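Asks: So the chains spell out like this:
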Amino acid sequence: MNRNEIISKVTEIFHEVFDDESIVLQSETTAADIEDWDSLTHITLISEIEDAFDMKFSMKDVLSMKNVGEMVDLLESLQ
Amino acid sequence: MNHYTYDEIQTGHTESFCVTITGEMMDAYRRITGDINPLHGDAAFAHRKGYPDRICFGMLTASFLSTMAGVYLPGEHSLIQRVETAFSTPVLVGDTLCITAKVQKKMDPFRTIVLNVSFTNQDALEVCRAKMWVGVLDKQKEDSLNGHIE
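Chains A and B are the protein sequences, given in the same order. For the first sequence, the positions run 128 to 206 when this note's numbering is used. For the second sequence, the positions run 1485 to 1634 when this note's numbering is used.
Hint data in this document are derived by calculation from the structure and do not stem from the laboratory. On a predicted model such as this, the values are computed, not experimentally measured, just so you know. Every residue gets a Cβ at the ideal spot worked out from N, C-alpha and C, and that includes glycine. Please note that the accuracy of each hint is not assured.
On the chain B side, residues computed to face chain A include the following (Cβ under 8 Å) [said to hold, decoys possible]:
1) F1548
2) Q1565
3) P1593
4) V1598
With a straight-line cut-off of 27 Å between C-alpha atoms, the simulated DSS-like cross-links for lysine-lysine are [to be verified]:
5) A:K193 to B:K1589
6) B:K1586 to A:K183
7) B:K1590 to A:K193
8) B:K1615 to A:K136
9) A:K183 to B:K1623
10) B:K1590 to A:K136
11) B:K1589 to A:K183
12) B:K1625 to A:K187
13) B:K1623 to A:K136
14) A:K187 to B:K1590
15) B:K1533 to A:K183
Per the computed footprint, the stretches of chain A lying under chain B, defined by three or more beta-carbons under 8 Å from a beta-carbon of chain B, are [unchecked claim]:
16) 153-163
17) 170-177
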């Protein structure tokens, strides 16, 4: 899966979790940019991404990701 | 009540219990929520809508998700974070439901377990299914706090 495909899949997950098809992800996107992105929704988001990409985030991964771009970087590195 | 800690729970861990929906439960739910919809309280109305009897409140059925997390899996250290529920078949008063939860996965960074839950009736028909994210509170933190107070 290339980077664009990863972004497309992550975007679909964001649309589903936040029930908002209008979300457009940028590398710089953070929780501050999406109104409903709180700590509980973050758990759901991580959970759905783990399932979709058949992987598990470590504590280090979760703490190190500063924005969507870094999340995609991490997913790309696991391909 | 169970007292599972996060570390004691493994993926695939399963818990189940059964409950019979009674008229008293329906009355109590109606009193608490104020949901006076006749589909749940008037058998004649339910017949006219094509049901054999009054239908159990969907959210009364779903309320046993709380019991699953708070009493069975993980039990005492539970904190429900998110629930997704679908109702596939109407539940009638008098039905006996067996609720089974299986740990789909653990999310170590959050101390959260993800449960797949299935409700089946006395005819082994699935009436409700759910996915539930449940935090497992840190028992050591509580013990340490108690020690500090003492």
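Asks: For every hint, state whether the structure bears it out.
Replies: Status of the hints after comparison with the structure:
1. Look at F1548 (chain B): its Cβ only gets to about 22 Å from chain A, farther than 8 Å, so that hint breaks.
2. Interface hint status for Q1565 (chain B): upheld, as the beta-carbon distance to the closest one in chain A is roughly 5 Å, under 8 Å.
3. Hint status for P1593 (chain B) relative to chain A: holds, with the closest Cβ pair at about 4 Å, below 8 Å.
4. The beta carbon of V1598 (chain B) comes within 6 Å of a beta carbon in chain A, closer than 8 Å, and the hint placing it at the interface holds.
5. Under the criterion of a C-alpha separation no larger than 27 Å, the hint pairing K193 (chain A) with K1589 (chain B) is consistent with the structure, at around 24 Å.
6. At roughly 19 Å between alpha-carbon atoms, K1586 (chain B) and K183 (chain A) fall within 27 Å of each other, so this suggested pair holds.
7. Straight-line distance between C-alpha atoms of K1590 (chain B) and K193 (chain A) comes to about 23 Å, which keeps the hinted pair within the 27 Å bound.
8. For the given pair, K1615 (chain B) sits about 21 Å from K136 (chain A) by alpha-carbon distance, which is consistent with the 27 Å threshold.
9. In summary, the hint linking K183 (chain A) to K1623 (chain B) is supported, as the alpha carbons are separated by about 24 Å, within the 27 Å threshold.
10. Of the pairs offered as hints, the one joining K1590 (chain B) and K136 (chain A) holds, with about 22 Å between alpha carbons and a cut-off of 27 Å not exceeded.
11. For the given pair, K1589 (chain B) sits about 10 Å from K183 (chain A) by alpha-carbon distance, which is consistent with the 27 Å threshold.
12. Under the criterion of a C-alpha separation no larger than 27 Å, the hint pairing K1625 (chain B) with K187 (chain A) is consistent with the structure, at around 22 Å.
13. Taking the CA atoms of K1623 (chain B) and K136 (chain A), the gap is near 37 Å; set against the 27 Å cutoff, the hint is violated.
14. A C-alpha spacing of about 16 Å is found between K187 (chain A) and K1590 (chain B), which places the hinted pair at or below 27 Å, so the restraint holds.
15. The straight-line distance between the Cα atoms of K1533 (chain B) and K183 (chain A) is roughly 47 Å, outside the 27 Å bound, and the hint therefore fails.
16. Counting residues of the region 153-163 of chain A whose CB lies closer than 8 Å to any CB of chain B gives 0, which falls below the minimum of 3, so the coverage claim is violated.
17. Interface restraint, the region 170-177 of chain A with chain B: holds (5 residues with C-beta to C-beta distance below 8 Å; minimum three).
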